[in-house]
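With the sequences and hints as input, model every part of the structure.
For reference, the chains in residue letters:
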Amino acid sequence: MSKHHLGEFEEIVMLTVAILHDEAYGIAIIEEMENRLGRKVSIGALQTVLRRLEKKGYLNSQFGEATKIRGGKRKRYFFLTMYGKKVLAEVKEQRTNLWNAIPEFILNN
Amino acid sequence: MNGHKLKPSRWLLRFFRWYCHPDYQEDIEGDLMERFENKVEEKGIKAAKWGIIKDVIQLFRPGIIRSLEGNYQLNQYSMFRNYFKTAYRSMARNSLFTVINVVGLAVSMSVGLLMISFISDLLSYDNFHEKKDRIYRVITTSQNTDRPPVDLASTSVRAGYKIKETISGIEEVTQLRRGFGGDAEVGESKIPLGGLWADNSFLKVFSYPLLQGDPATALLEPYSLVLTEKSAKKLFGKTDVLGEMVKFDDANYIVTGVLQDIPKLSYIKFESLVSFATVEIQMPDSEGDFLGWSTFTENYTYLVLPKNRDLQTLQASLDQLCAAENSALENQKINLSLQPLDQISISNIQANELGHTMDLTAILVLVALTFIVILSAGFNYTNLSIARSLKRSREVGIRKVIGALKRQVMMQFITESVMISLLALVFSFPIFLFLRGQFFSIHPSVAELVYMDLNTGLILRFIALAILIGLMAGFFPALFFSKIKSLQVLKGVSSMHFFGGVNMRKSLIVIQYVFSLIFITTTIIGYSQYKGFLTFDLGFTTENIVNIKLQGNKADILVKKLSELPEVSEISQSRIITSLGMQQTTQIIYNDPNDSSSICKNTVDEHYFPLHKHEFLAGRNFRHRSENAQDSEVIVNELLIKRFGIGDNDPKKAIGEVLTVDGKKAVIVGVVKDFHYQIVQLSIQPFIIRYSANPGGYLNAKIATKDWPATYTSLERAWKEVDNVHQLDVKFYDDQIEQAYSPYAMMVKVIGFLSFLAIFISSIGLFGMVVFTTETRLKEISIRKVLGAGDGNLIFLLSKSFFFLLILSALIALPITYFFFKKVVLINFAYHQSIGLVELLAGFVGVLIIAFLMIGSQTLKAARTNPAQTLSDE
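Here the protein sequences come in this chain order: G and X. Under the working numbering, read the first sequence as residues 1 to 109, first letter to last. Under the working numbering, read the second sequence as residues 1 to 874, first letter to last.
If you're looking for bench data, these hints aren't it; they were derived computationally from the structure.
FRET-style restraints, in silico, Cβ to Cβ: (1) G:R52 with X:L458: 51 to 59 Å; (2) G:R36 with X:K46: 25 to 33 Å; (3) X:W50 with G:R52: 22 to 30 Å; (4) X:I53 with G:A101: 41 to 49 Å; (5) G:E34 with X:I45: 15 to 23 Å; (6) X:W50 with G:I19: 25 to 33 Å.
Cβ-to-Cβ under 7 Å is the rule here; a few derived chain G residues that face chain X: (7) I27; (8) S42; (9) I43; (10) G44; (11) Q47; (12) T48; (13) R51; (14) R70; (15) K73; (16) R74; (17) R76.
Glycine is no exception: its CB is placed at the ideal position from the N, C-alpha and C atoms.
Structure representation (C-alpha cells):
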C-alpha cells in the first residue's frame, strides 16, 4: 500500500485537470466532469478539493489574464505537479495490479 | 439586455467576500460570475440567481472560509495587543502620572457612580405597576387673582367624581385621600396606625397584590380596612387577620384584606387602606365643604387610560369641566391636567405631594456638578498626557514611519485612556460603596427614597460610564499625537514646537481652578449663611427650651406633673411653635369693614411671653383666665399696628383698640416687638397672638439642668403616666430650628464634598504639572545655579507662571460667585448675612496655600539638586 492516499473525488479532479491541460480552471473543470461523468459538481465541493490538493502539493496554480467577462476577475489555472503526476501514476498502477489480480473467470460470468 | 439585472445581488457577493479566504477570493468569485453568466443564457435570470445563492452557500465550508485568525483580523488583533503592551509600559514607566490619573478619575468616577445609581432608582419608581404606562395622576393648578399659579398634586373630591361621571373613554378612576389615622384598638391594646382612604378601584389601578381578601370588593363597603403584612403584624402579631375588628375613635372597622408589603420604590406608601365609602359617610357631617370644587388639599385622583387614548381630547374634556365649575368661583381659577405616573418621582411640582419626590432642578444641578468634577479629572489626564508628549512623540514618529495611519495612532491613545479609565473604575468601586453609606446618612429621607442596590444593569452602566470618560479624556491627547509629524520628531526634538499645546494646557488648568474656587467659595458662603440662620436673633429666646408635642392629651395634668420635676423651671403652652415654618391664619378687620386681611396667629397661655422673653413695647401680658371665659384679648406685633394704621402707628396708643378677629371683637392689650414667626428667609409679617388657658398643641418647658439624659428620663416617666399609647415627642427648640434648615445643611454638605473633590483633583493635577515642569527644566535650573542664582530666585522663576494661573482663576471665579449669591441666591432670603471679604477669600487662600506647598516643595527640590549631577549626565 502506498503512503499516498487519494480519495475518489480527488482522483477524478486530478484526472480532469490533466485532461484539460492548460485550460483547467474552476468552471472548465466542473463542465468537463459534468460532460464526461454526468455528475453534478458544486463549486464549493470542487474548490475545497482543489485547494486541498494544492496544499498537498499534487497541484499547482497560476492566474491567467483578466477578461471582461467574469466580472473582470482573473481565472486561476491548475496543473499537475511532477509529484502529482507520480501520485496519479501510482494510483493507476495500484488499480491495474488489483485488476490483474482478479481471477479471469469471475468477471466473465 | 439591461445591465444591472444580470448581476447577482451585491449583498451576496459581499457576504462571499467577507467569509472567503482572501487568497482564493478573486478566482472563485470569477468562477461564480462565469457560472452565473452561463446560467443566465441557458436558464434565465431567476434560475441563475438561485444557482449563485446555492453556490455561495455551498462554498461556505472550512476549506474556503478564512481562518479566524486570518490575515487582516490577525493584524488588528496584534495591533491591539501592541497598544495594550505599550500602554502598560508607559503607565508603569510614569508611575506618578498614572497614579495621579487613576486616583483623580477614580475619585470623580465614584461620584458619577453614585449619581447613576441614584437616578436609576428614581427612574425605576413605580415600575412594578402592571398598568404603569397607562396610569396618570390628575393634578390641580390653582390661581388666585394677582398671585402666581400653584401646581398641586392633589385634586378635589368633586373633580374626581365629575371625571368619573362626565368623561368617557377612561378605563378606571380611583380617588384616595390622605389623613386617615389614629389609635387602633385591638382588644385591650391601642396602637397608632396611619393610612389612606381609597376607593374600590384603587387595587385595579395599582398593582399592590392582596395576600388575603378579594381585590374586587375589599374596599367597597364602608368601614373596610385593608392592612399591609407589616401593619397586620403590628396590630395582631400575625397576618391571618381577615374579618378581624379594629376600632378607631368608637367606630368599628373590619379587616377585608391583607396586602403584600409596599415596595420601597413605590411613590404611594401607606400602612393601611380604608374604603373611601367610609369618608363619604363621615366627612359631609364634619366638613361642609367636603364636596367643594376648591377643596383640593387632601384628595388625589388617578386614572387608567385605555391604550392609545388621545390625551388631547381628554385634556379638552378636563378644560371643559373646569370652565363649567370655575364659573361659580370668584377670584380663583382651578385647572386640571394629567401627569404620567413615571414623571411623578422626578417632578417640578408641587405642593401636597403624597410621597417622596426629587426635584428635577436639584437633580440637574447635582448631575452638572458631578459632571464638572469628572471633567476636572479628565482635564488632568489631558494635560499630563500632552505635557509628556516630548517623551512619547518619538514612539509616535516611528509608528508613523512604519506605516501607522492617523486613525491608528488615535486608536492607540484612546485605548490607553480607556484602559486607565477602566482601571480607575476598579478603584472607584470601593469608594462608591463608602460614599453610598455617607449619602444615606446625609438626610433621613434619602434612605427612604432609594435603595441604590447593585444589579447587572447598574454594573453595565458603570462600565459604560468608565468607557465614556476614557473616550472623553483621551480624545484631545489622541488628536494631538495623531497630528505629530514624524519627520520633525525623528530629525531632532529641538526643532519641534513641543509647547504648542501650552496655551490649551494653561486654559484647562484655569478652568479647573475656576470651578474649584467657585465650589469652595460657594460652600464657605453657604455655610456661613446657614450658621447665620441658626444663630439668628429671632426676637425671643430659644435657649434651653424644649417643646413637647401634646399628641391630643389634656395639657393640665401633664403641666402639673412636669412642674413638679426639679429639672423644669418654667412651663408654658402654645398652639404652634413659631420660627419653624408652621403657621395658622385668621381673618382680621379693624375699623374699615372692607379691609379684611388674612393674618398669621398663634394661641398661647399667660406663661408663654415671659418664658420666651419677648419684649413688650407697650401694654401687658395676658392674665390667667379660666378655660370657659370668653377670650377677648389679643397681643399684636408692631407690623400689625402699621398694617392697619392703629393708633397712628404708635404702640402705646394702640392699647385698648378693638379688632375683629374671626368675627369676634377683641381688645389689644399688648404690643410685642417684631419677631420671626416664619423661618428667617421670609420677611416678618403682621401677626396676632390670642389667649387660651389650654391652647393645645405644645408644651414649652424651660430646662434648668445641663444633664439632659436624666431630664429626658424624668420627662418620659411623667409622660407615660399620662399617655401610654404614644411615644414622648420632645425636642430642643434649637434642634428644631436646625431641623427646619436641614435642607440648607444638606446642600452645604453636598456642595462642600464636591468642592473638596474638585480641589483635590485639580491639586494633584497641578502637582503633576509642577513635577513635569521642574523635570524638564532641570538643566536650565542647574545652569542658572552655576551662574549664581539662589534658591529664592529659582523658586520664583519656576512657580510664578503657576501662581499667575491661580490668580487669574480667582479673578474669574470670585466675582462670579459673589454675583451669583448676590443676585440669584440671597435675594430669596429676606434676612441673611452679608457676604464678607473673609468668606469670599478664605477658599482662595486655602487653595493658594495647598498650591504653594506643592509648587514650593518640588521647585525647592529641583533648586537644591547638585548642578554637577544633572549637567554631567550627557
